[in-house]
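Trainee: Given the structure of chain A, go ahead and fit chain B onto it with the hints provided.
For reference, the chains in residue letters:
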Amino acid sequence: MNAATREIAGATYKAVRFAEHGDEGIDGATAVREVWPGETRSIPEPAIANSLPYQFTWHGGSVYGMPETFRHALPLRMFTARAAIVVGHDGALEFENGLFHQDSTAFLKPHVPSSLFRRQDDRLWVRSAPETIAPTDKYFLGFNAEWRNYGHVLTDVLPILYFYKSELMREGYKLVVPPLPEAGVHDQLIELLEIDREQLYAMPNDRVRFNDLSFTTAISLWSQTGLLNIAAEALIDRALARAGDRAQARHLPDKLLYLSRQDATTRRLLHEPGLIKRLERLGFEVVLCSQLTLEEQILLFQQAEMVVGPHGAALVNLLFCRPGARALELFPEYCVQPHYRGLAAWRKLQYGYLVGTSFEHENSRVVQDSWGNDFVIDEDLVIETVAGMLASRSSARAATINLGEQPEPRPAVRSITTSVDAGSPPGEYLVSDEKITFGNFDIHLLNGDNSRDFVDRDDVFFMAKNTAYIDGYQELKDDFRSRSLAVRTILEIGIFRGGSAPFLHRLFNAERVVCVDRMPGPVIPLENYRKQHPNVITSRYGINQADRTANEPDDRNRIFHAHRSRGR
Amino acid sequence: MSQMIETEFSTPIDLVVDDASHFYEETKAAFETVFPYVRPGGIYVIEDWSWAHDAPAQQAGHYWADKLALTNLLFQLIMLQSVPGIIDYIGLRPGLAWFRKGSSALPKGTFRIDEHALSRGRKLNLI
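Protein sequences, first through last, are from chains A and B.
Per numbering that gives the first Met the number 0, the very first residue in the first sequence carries number 0; after that it's consecutive.
Per numbering that gives the first Met the number 0, the very first residue in the second sequence carries number 0; after that it's consecutive.
What the hints contain is simulated information worked out from the structure, not anything from laboratory work.
Warning: the hint list may mix true and false statements.
Each computed DSSO-like pair below joins lysine-lysine, with the alpha-carbon atoms no more than 27 Å apart [stated by the list, open to error]: (1) Lys276(A) to Lys66(B); (2) Lys476(A) to Lys530(A); (3) Lys122(B) to Lys254(A); (4) Lys434(A) to Lys530(A); (5) Lys254(A) to Lys276(A); (6) Lys137(A) to Lys164(A).
Interface residues of chain B toward chain A, partial, derived using beta-carbon atoms under 10 Å [to be verified]: (7) Ser9; (8) Val15; (9) Lys27; (10) Glu31; (11) Gly41.
Heads up, the beta-carbon is just placed ideally off N, CA and C, and yes, glycines get one too.
Next comes chain A alone, as it looks inside the complex (with noise of 0.2 Å):
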């Protein structure tokens, strides 16, 4: 036996070796079409707690995601491989030349009994017989080796199971699913999406030769397309459309819904019952999304004013959700990663975030690295988050303000001359409903329930004051003036979306702003005042104000910035 098979339980494997890929094409597939190439369009940052690393922690050692992957959706481009093996349930693809795409191998489980892959001595191998050779037509690879996996198949294959209803379908290809009966949710999505059953090519275990096989670009969130969008939405027509009269009589999104992992062997909130009671006085139901089924979770998660869970597939609904919906998601310590920020952000959510601590505790499931570690959280923090995240929809600060507005008519656009504090400068701010200008610098101010426009903006200044409270402080500003006193030294607790920062600054012509919050932060339109005004501004996150001594993070935070840290 040569040194490119072997003899593994009884069986012969042959080592597996990848095609190269070059800008024309595969060797051994050709490219023959690129899908929506105007998709190439920006998406926004997520909201809340913008400062999650695009680093993220993979079986205990840091791993940097490519930002731009998350800020622009690619387009998907098509190969044509005349003959090619797809081998068993895996989906992985071997060319005509023995050569294998390596994309199609990136989630493979060689340690599944029923894998014809198999990992011995640092390298990849692969079942060599026998072999299905499949009736001759035109086919198109419909999932990858993650079919198992809900959240996996929503982001990875759903755009491929889209793009072939919408494009390949009526051109006859035939496409090609996984080989079990219960093929689970890839099966609901084949039912949702009304792809043809007669078109279908279920897979047995076992490597099957193709004649003509077609297939995409590998789509992960870190490389995804357009398409992920589109599919999404037309997932929830269809089910809304089978929902019928259930689905009309919806009203507003208003479910607060907690993800429970409670039937999950590995990152289990340790003390998940105790958050469940506090979130349920708050008017949050429990879901445990492996017991609904793909249309039952579209129609629950499409009603969903926030979503708060751990770190798991089940986040992967946020894909249903309504723009504009809250999300937090709770990591444990060593499983820290961007993959539902950056499902938030396509989908136009406000997303925040909490990291807990890692625990080992006695009923934990052995895991060979810290990735499933069950963990705990701050609760009170959580709690706090929720409440900070919800407020900002109808917030009572709004309703307040709006109500001592009504009786003083103002003009849209007014001018204050702020003369002096003892040695200032004399400066001048205009103000309007919308924002506050100082020379051209400008904030934009509370105005109704216009805050959802700012969360997500990290290029523009947003202070959740309106301009009652700039009537307030210009008093303040005035009370000073009148006994002579400069403002020299400010401190600010709570920073929001950091634009009460500047607008203090600017407005007392301070020399000193310190600005602390609970929060991890950083919030970035704040840090880059901060880069302009050095030695003005200093930021501190990770400080409860009611910490009476606490000049470091609490150690939640501490663990946060540590990862940051190592890679800068």
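Mentor: Just chain B now, kept in the frame of chain A:
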């Protein structure tokens, strides 16, 4: 908070703006910690003191339903104003309350509102 202030400020603070949790206990703790660092004549602002009186907050399922009104702290600070030298002026607007520091030096770390605001042994019923 106190260590942060000792680190960041070398002189008494002229203006403090608390726009953080808006909860009674947390805001009170912050006031007790920070107010002693405010210079005489400086101002301590508490934003959004009136959230508990808004219409949405009256709903049983309101997300802050289990939180005490921040107004409780204002009541206590009004009582505190009876003590010469601690607060010499209180300003109140919808959503904005401010407290001007009197001339007394307050103990850093151990200042407690309840120890100064005497009330004949009677206690406020917190709302």
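Trainee: Which numbered hints are broken by the structure, listed smallest first?
Mentor: 3
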